[in-house]
Each structure stands twice: as structure tokens, then as C-alpha cells.
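Chain A is already provided as a structure; the job is to place chain B on it using the hints.
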Amino acid sequence: MAEYLDVRDVRAHDHAAESSAVLEVDNLQVRFPTDDGIVHAVRGVSYSLRPGEVLGIVGESGSGKSVTSLAVMGLLPRTARINGSVKFRGRELIGLNDREMSGVRGRGIAMVFQDPMTSLNPVYKIGAQLAEALQTHDRGMSAKDAARRSVDLLDLVGIPNAKARVDQYPHEFSGGMRQRVVIAIAMANQPDVIIADEPTTALDVTVQAQVLETLRTAQAETHASMVLITHDLGVVAGMADRVLVMYAGKPVETGDVDDIYYRPRMPYTVGLLGSLPRVDRGERQRLTPIHGSPPSLLNLPPGCPFTPRCPMSRDKCEKDEPELGQVDGINHFSACHFSSELVAREEVAPEAIFGADTTDDTQLGVDSEGASQ
Amino acid sequence: MTAPSTQTQRRGVGEVILRVTDLVKYFPIMSSGVIRRHIGDIKAVDGVSFELHRNETLGLVGESGCGKSTTGRAILHLQPATSGSVEFDGRELTTLNQRQMRPLRRDIQIVFQDPYASLNPRIPVNSIIAEAMHIHNLWEPKRSPARIRELLRLVGLNPEHGNRYPHEFSGGQRQRIGIARALALEPKVMVLDEPVSALDVSIQAGVINLLEDLKDRLGLSYLFIAHDLSVVRHISDRVAVMYLGKIVEIAETDELFDRPAHPYTQSLLSAIPLPDPARERVRERIIITGDVPSPANPPSGCRFRTRCPKFANELNDAQRDQCINVEPLLTDRGIGHPAACHYADVLEIL
Numbered sequence: 037m038a039e040y041l042d043v044r045d046v047r048a049h050d051h052a053a054e055s056s057a058v059l060e061v062d063n064l065q066v067r068f069p070t071d072d073g074i075v076h077a078v079r080g081v082s083y084s085l086r087p088g089e090v091l092g093i094v095g096e097s098g099s100g101k102s103v104t105s106l107a108v109m110g111l112l113p114r115t116a117r118i119n120g121s122v123k124f125r126g127r128e129l130i131g132l133n134d135r136e137m138s139g140v141r142g143r144g145i146a147m148v149f150q151d152p153m154t155s156l157n158p159v160y161k162i163g164a165q166l167a168e169a170l171q172t173h174d175r176g177m178s179a180k181d182a183a184r185r186s187v188d189l190l191d192l193v194g195i196p197n198a199k200a201r202v203d204q205y206p207h208e209f210s211g212g213m214r215q216r217v218v219i220a221i222a223m224a225n226q227p228d229v230i231i232a233d234e235p236t237t238a239l240d241v242t243v244q245a246q247v248l249e250t251l252r253t254a255q256a257e258t259h260a261s262m263v264l265i266t267h268d269l270g271v272v273a274g275m276a277d278r279v280l281v282m283y284a285g286k287p288v289e290t291g292d293v294d295d296i297y298y299r300p301r302m303p304y305t306v307g308l309l310g311s312l313p314r315v316d317r318g319e320r321q322r323l324t325p326i327h328g329s330p331p332s333l334l335n336l337p338p339g340c341p342f343t344p345r346c347p348m349s350r351d352k353c354e355k356d357e358p359e360l361g362q363v364d365g366i367n368h369f370s371a372c373h374f375s376s377e378l379v380a381r382e383e384v385a386p387e388a389i390f391g392a393d394t395t396d397d398t399q400l401g402v403d404s405e406g407a408s409q
Numbered sequence: 017m018t019a020p021s022t023q024t025q026r027r028g029v030g031e032v033i034l035r036v037t038d039l040v041k042y043f044p045i046m047s048s049g050v051i052r053r054h055i056g057d058i059k060a061v062d063g064v065s066f067e068l069h070r071n072e073t074l075g076l077v078g079e080s081g082c083g084k085s086t087t088g089r090a091i092l093h094l095q096p097a098t099s100g101s102v103e104f105d106g107r108e109l110t111t112l113n114q115r116q117m118r119p120l121r122r123d124i125q126i127v128f129q130d131p132y133a134s135l136n137p138r139i140p141v142n143s144i145i146a147e148a149m150h151i152h153n154l155w156e157p158k159r160s161p162a163r164i165r166e167l168l169r170l171v172g173l174n175p176e177h178g179n180r181y182p183h184e185f186s187g188g189q190r191q192r193i194g195i196a197r198a199l200a201l202e203p204k205v206m207v208l209d210e211p212v213s214a215l216d217v218s219i220q221a222g223v224i225n226l227l228e229d230l231k232d233r234l235g236l237s238y239l240f241i242a243h244d245l246s247v248v249r250h251i252s253d254r255v256a257v258m259y260l261g262k263i264v265e266i267a268e269t270d271e272l273f274d275r276p277a278h279p280y281t282q283s284l285l286s287a288i289p290l291p292d293p294a295r296e297r298v299r300e301r302i303i304i305t306g307d308v309p310s311p312a313n314p315p316s317g318c319r320f321r322t323r324c325p326k327f328a329n330e331l332n333d334a335q336r337d338q339c340i341n342v343e344p345l346l347t348d349r350g351i352g353h354p355a356a357c358h359y360a361d362v363l364e365i366l
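These protein sequences, in sequence, are chains A and B. For the first sequence, position 174 (counting from the first letter as 1) is numbered 210 according to the numbering used here, and the numbering increases by one without interruption. For the second sequence, position 322 (counting from the first letter as 1) is numbered 338 according to the numbering used here, and the numbering increases by one without interruption.
Do not take every clue at face value.
[Unchecked claim] Partial selection, computed: residues in chain A whose CB lies under 7 Å from chain B: (1) Ser97; (2) Leu269; (3) Tyr297; (4) Leu312; (5) Val315; (6) Asp316.
[To be verified] Some chain A residues flagged as far from chain B (calculated, every beta-carbon gap over 10 Å): (7) Asp71; (8) Tyr83; (9) Thr115; (10) Gly120; (11) Ser121; (12) Arg127; (13) Glu128; (14) Arg175; (15) Asp181; (16) Gln226; (17) Ala256; (18) Leu336; (19) Gly361; (20) Ile389.
Bear in mind the hints are in silico, worked out from the structure with no lab data behind them. Owing to the predicted nature of the structure, the values given are computational and were not obtained by experimental measurement. Cβ atoms here follow ideal geometry from the backbone N, Cα and C, with glycine treated the same way.
So here's chain B without its partners, still in its complex pose:
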């Protein structure tokens, strides 16, 4: 169910560092009233498996509510997984308690979406970065201040501004501070949860370039969570597309964008407006109808069937029965990469 390992010899990409297997995260729905009974579950993440290799960027894309951020948080143990396994460097994380988890947090860091909410407004930048070092007992009064200056320089900020407070920085600069804080612990894996989506395009580009440089220079591995497919294509080595708590397609980046096989991936690519008027004028769109169904009660069989253009227009009744009754597994059906569709077929969109 994982991507073919023949593809792992790309530039500098090494062995598996993070292996996620059948990860499930349900949030209980309780009834109202005095006696709150458990009446159902929001199936935010419902059986997600993937591998992240050393020095690789895996993009995790999907629309809001597809479970991509919850996956990131469950990996970090910020929200304990309901079931499944997360293996980091050969160690199982899901069974650890918070105390056992703490030393491992050095190795897996997260950068959040909102650069305004994720920095403490009351302490200057130097202290924000130092705090992380103190927590992990890495603080050395002689060497650490110099290290902070070096980190600020590394993320493209002027080290002299370390005494300033977060509000004195612009959004892009704040995101760089968040990255510097994450780097202070010399992590091996970074979970980047929509790190650039709150930024204007001209500023976003600088942060993307920075992330690419840091990865090459420090040999980091990224789990890059985003909804913007253009950014994901730019930064990722491999991409996984999520829909309603499941991965529907996973492939090498160019393979996925040039030869998408799942109808959802195809619709997603088709819906992106291109900054190219001549192409936009002649482009035909696959417009999928309706909205994402509730993750509390996902459709039977294939979760995408209620919006699937293939299901609606191309399949006969017998084929539709298959979609309604049998859940398609994420396997390679002879197209070169895994896609969770019974009738997966390559369609060039871009």
C-alpha cells in the first residue's frame, strides 16, 4: 500500500524515518443533556498509511475537513490516535505517554499555520527560541545565545532584531521565527501545517524557498500539509491526496500531477485556476457537485461516490454497485501508482 520503493533513490532521499500505519482518529459525539452518551464519532482520520523517507518532502493535500491537519497532530501525539501505529526511527510513538514522548519531540517539530497565534506575544524573539532549548535541557549559557543568533540568520532574519517582540514583525517574518524555534532543537522531521497559507504570495515565495534550502542544508524530512496544490507541487517529492479521512491517491509529485488516476485528484487539479489567461479561456473544467459529506456519517463503499463525476456519468449500474458496496483499497491497479478507485484511470488535466 505504500509507494514503490524503487523511487527512493532520488537525490539524497534515504531510508524510512516515519512510518504511519492504519492511523485512525475519531472524535466522539456526545448527546446533549445531563447524561452525555456517546452517540457517534467524527471519523476525522480513518485508516491512513504512508512512509516518510529521510530528506524527503511528502505533501499531504486535501480540502478542509479531510483530516490532513488531524493526521499531523496525531503523529506528534498532540491528539492521541484512536488506533494505528506511528513509528519514528523504529520506535512506536502511539503507546508512549507524554513524559516518554517529550525527548522525542526534539526530533519531530511542528510549524503551525497562523504566525500570529503561535508565538507568545509577551516575550521577545530570543526568549521564544530559548524557551524551546530550556524545556529540553539544551540551554548552555555560554553557547546558546550565539546559537540563537545563528538560527535567526539561518532563517533569513537579522539577528539584531532578536530583542524585539513578535508584533514588530510582519507575517512572513513571524513564520520564519516559528521555523527558527522548531530548528532550535535540531529536529529530524518537521510537520509543516499550512505554513504559508496565511501569507501574501510575494512573501509566501520567500518562505517556500527558505524551507527548501533548510531541507537541503540540514537534511530534514518534511510532512508538508497544505490545501494549495500549486505550493505542494512546488515543494514536494511525493504527494498524498486525502478525502474524508482517507488517502485516495499517492505518487511521486510529477506522476500525480501529470497522470492523476483518482477522479477526486482529477477534479481537484481541474478546479485550480491557472494564472494564464490564454489557457484559462480554453480550459474545460470538471466541476464536481455538492459538498464534502459529514465525516460523522461517510458514504458506504467509496467515500467519494456521492460527488464523483465518473460515478455519475460514466459507470453502469453494476459498476456503481461496486462503488456503493465495496470500499476501494489504495493499491496500484496497473497505472504505476496507488489510487483508491475501482475504476482508476489516468486522465491528463494540466
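Here chain A stands alone, though its shape is the one from the complex:
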């Protein structure tokens, strides 16, 4: 492990002058050409990740949160057109070829995917897959060391009887265990950044609690920064320091976790929080749904993409798309022309902004998808 640290020190020194952020994403854009036209999946995402920080990216299906991370990792298909900049420790990643990217993946930025069934190879033993991750990024590591370290890693992520488990295959593990193996692989090379894309979505709630605990362990152990992508506002509340809310391929609000939950300044965030049933509240409040569905990212009309669903929208919203602008907190930014009106309200009650009726007869579109995977 000492070798990694040395390598990293050198890397860090090279770019020490640049900035203190480990990962800087600037105006990232992703377009997919399709038969129907160009789908503008990510329309300008910027964020910077400080060392040790956990950034939560939330949004509904199709908001571009996963595509953003795949672009950072260089895992998008060749057909994708990517613009903008992604800097890891000052080094530009956009435009690197696959071999150069391999040097960054695993050791610099590691990734945990949603479905542990598909991210592990079914025909190799767990130990072999861990050893592979270790030896790919450290050619000098002996098989014996790799095997020993594999057992340590499994121990660390809380897999009982790790010594025996390394000789088993993925199908012999349950869903939660598999996800912990994936986390073990992600932390194998002491990465600076771990990107976890819906790491607990496929899991039951008691298992989710175990896996989130494992992620916390992994972060404490590696001192890595983390990008946690999820649609579950509960998971983000407990894990993240900062939150980025995405809608239609763009961040619409970003700020410290408390700002987002207690002082939302974008109608979409207000609506998202209001549509959430609360398990800790007994009194039966009516939920406040957001009407309609997210827009198609094919030929998006000008103006704020939330306009058709927004109860506060006016003429201006249909013409100009608002940029992220600073609101009350230091780190708190919101993309809404009328966020000051939300600031003026003492308490932002979703039901006061969104009506709580039950219709859903808004415009139909072939591409408007309201359901998540």
C-alpha cells in the first residue's frame, strides 16, 4: 500500500498549484445521436469535489445523473458526443484514450454500480476478481499478496468468514453481499474518488442499511471523496455533505445538505420533497405531486425545462433558461428566475405551491418516461 501513496504524492505534487478539488467537472455536455435526432442527455453540469467530501446527486429517471458519472469515468459508448471538461487532480480526462483512462480508473476514481449481479463476473471466483482489480493497477503485486489483501478487503466490508468466501462464486452470495464485494473491489486500490451509482436501489431496506454502513467504512478507510447518485432523498440526507439536484440534464439546485432539505430555493426541489411520504410523520397529510412528467431531451424547447410542471412559472420562464445563481447560503445556488420569492416565504410549504389534486392528463409524449428502472 505504501507504493500507492508514493505514486499519489507525486501526482498530487505535480498539480498542487492547480486547486484543492480532487474532481472538477465543468460545463459537461453529453449528446447521443439517435434515429429521431440528438438527445441532449447532459446539458452543462459543473461541480467540484473536495477531498473527503460526499456529494449527493439526486434526480428522477432520465435527469442525466448516471450519464454524468459515466462520462466522468469514460464509460460512455463511442457514439456519445462529450463536451466540457472533467479534471481529476488537475488532469483533463475528456479526450483521454481507453488505455490512459485505465490508469485513472480504479486507482484514481472507482465506481460502484447499481446492480451487483451484472457488475461481477459470474464465472470467476470472488477472490480472483478482487485479485484482478489489485494486480491490474499494481503490476508488481504478487499473487500471494493479492490473495491476502483480498481476504482483508472482504473482512473490511463485513463479509463473515472471508477466508472461505474468496473461493466462492458470485451466485453463492446474496444481493447485499455482492454489493459489498463490489465496494471492496472499488476500495481495493485506495482511490481518491468513489462514484456510487444507485448502490442500494436494488436492495431491501435492511440490507440497504448494511450496504450504506459499508460505504461509510470504505470512505473512512480510503479517505476518498464520494459521489453518491440516487433518487432516494432519504439516503442522501444521511450520507451527503453537499447535494446537487438534477432536472432535464442540468443541475437546478446545489448546496449544503441542510440548505437543500430545509431551505429549498427551486420549485422542483420543493415539489420533490413534498411528494415524499414520510414514515416518521403520523398525521395524514396529503402528498403534493408534481404534475406531468419530465420533458423529452430530444429537441428541448427554450426556457426553463421545468416550466410546464411548475406552478410558479410565468412568461419569462418560457423564454429564458435560468442559470444557477447564488441564493441565501454561501454554497447555495438555484436555477430559478423567481427563487427570491421562495426566499421571502418563511417556510416553504409544498402544498402551498403545488396543488394536491389527482389528475395527470398533461401532454403525452412518446419519450416522456415517468417510471424508473
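Here is chain B on its own, set in the frame of chain A:
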């Protein structure tokens, strides 16, 4: 073993409409090879009893594989029960054959989880709803088309979109079509099998509100099957928690969430992340270890003991023997509602 009947005077909740008693559903495990012998059973549902009252919502929650969906299907006779009884409005359903069952399907309808798979993609929405009416000989050429329009309006869709095909609708809208189809037969009971879990939160909220409205307006009874406890708390009058094919605790909704007595219910509530950062930071979690054991070979005695934090940390050896050897019954042990734990004790979690 049922919930205290003193609680049935709540708003509009009436007499028992559906009574499930000792419902069992085993799926046989066959050996491989030419001669396939019966070598065991997956005990998906293993003795479930509950009552559903008129105009009541009973939430059935549990993790995947606990048998909650199988219970719903066995009630509808979509998968015949191995044993036990399902009584609807005083009629026994489990002994009926498919032909005898058919007229009763009007009264008990089901809405499935996946709005993409449960609608025929090749026919327009009007025909999807009409199909149900044709099957039950309810189609009247003069009146039914108007009825379809009314149904679409009722579930919050534009009746003018009835000529469109399922793929032209979003997920939330498709789920509304599934609900309209179920309502076309004027059912008394609806089994809702994870009706909102495939939907995004902002859309899910609209469907939940719709279901609540329909229940009040049409006097429906719901068996609401879901894994999301937040949704269940929101919509249910009573809640039953399932674990490995059995109900471990059943109570009025607020009673269950505010005063959970079974260690499994407590762990489940404790594991839910709250969308409230300040509370999350100070919350202590009961993290239960391991995974759900195989329903083919459930643990002896109490099925939860292998993961039970109480069993692991609080009980002495004599008490543990009780858990290992004696199956705890679902009865009220002086806490106000039934819980299937020898050492049931209220613990406030939320």
C-alpha cells in the same frame, strides 16, 4: 389472532369483507433428471391470517421473498392455495374452480407493479378497458363507451387520449390505466401489488392521492402490498408485517409505527433513511446482520431468530431455547396489538 375489533369504528370502515385464515402456499422443489421427485417445498406463505374490512386499507409489508405478493395472488386464486381458507363476503374461494371463480373476479381486482408489462401494447386504451367488460358480459354498446370515458376521467386522464396505445403514456399514466381497467368492473376489493414502486417519487405521489380518493369515493377496500414503509404508512389504516411467509406483527397504522413490538418491525423501521439530514445525523440504527434465510428451509422456532438483534444481544440461554424450539404465535402479549415474538416489547424507533 386478528386485530381487536374495537378499532373498526374508524371513519366508514365496515364489516369484514375478506377473511383469510391459515393461508398456505408451497411451491414444490423437484429433483433434476428424468424422474423428477418431490424433494422439498418453498414455503412462500406459511399460515397467514387476517381480515380486511369494508372501506379499509390493509398494508402488507415485508422484504423481497417474504411472501406478500404470493399472498395476494393466492387470494385471487391466480395461484391456488396449498391449504387454508379465503372467504370473500361469506363465500369460500379456495374450493372454487376457475369457472366458478370467474363471476367473483368482478368483485376482487388486482393492479400489478409493472405498468409496462401489465397492459397489452397492441390495443388502444379504450379497448384495454373494454376487454374487461366484454369478458364479464357487461358490455353495452350504447352505454359502455361513455362509461370508459368516465373511468378515464375518474383516474385523472384525459378521455380524449383513449384511442392511444400504452406506449404513448408515461409510467404514472399507465398505472392509472391499470387502475381504470380494474375499476371498470366495479370491484369491492382491490389487491394492489406494489402499485407505485416502479414510479418516480413526484409521479408516485399523484397515484397515491388518486388511490386514496377512489377509496373514499367508491367505498373500496384495498389490500396494499408494498415494500416501502413510508408509502404504506401514508395510505394504510392497518398494517401487517410479513417475514418469511408469516405475519409477525399487525396493528393499526400509527400504533405499529409509533409502538412497534416485534424486533423485525423495529429493525425495518430503523433501517429506513429519513429525508431529514438533522435527524439522520443523530439517529441510531439497529442494523440486523445477514440475509433472509431460504424459505425452503426456514429456521426452527422463531423464523427471525437467526437475524434477531434481541436474540443475539439481550436474551439469556434459557430464553434463547424458547426462540429455537417454540414458534411464537401472533397474539397480543399485553402490549395492545398482536406480535409474533415471545419477548415482544414496545420500542420507539421513529
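- Query: Of the hints given before, which are not true for this structure?
  - Reply: none
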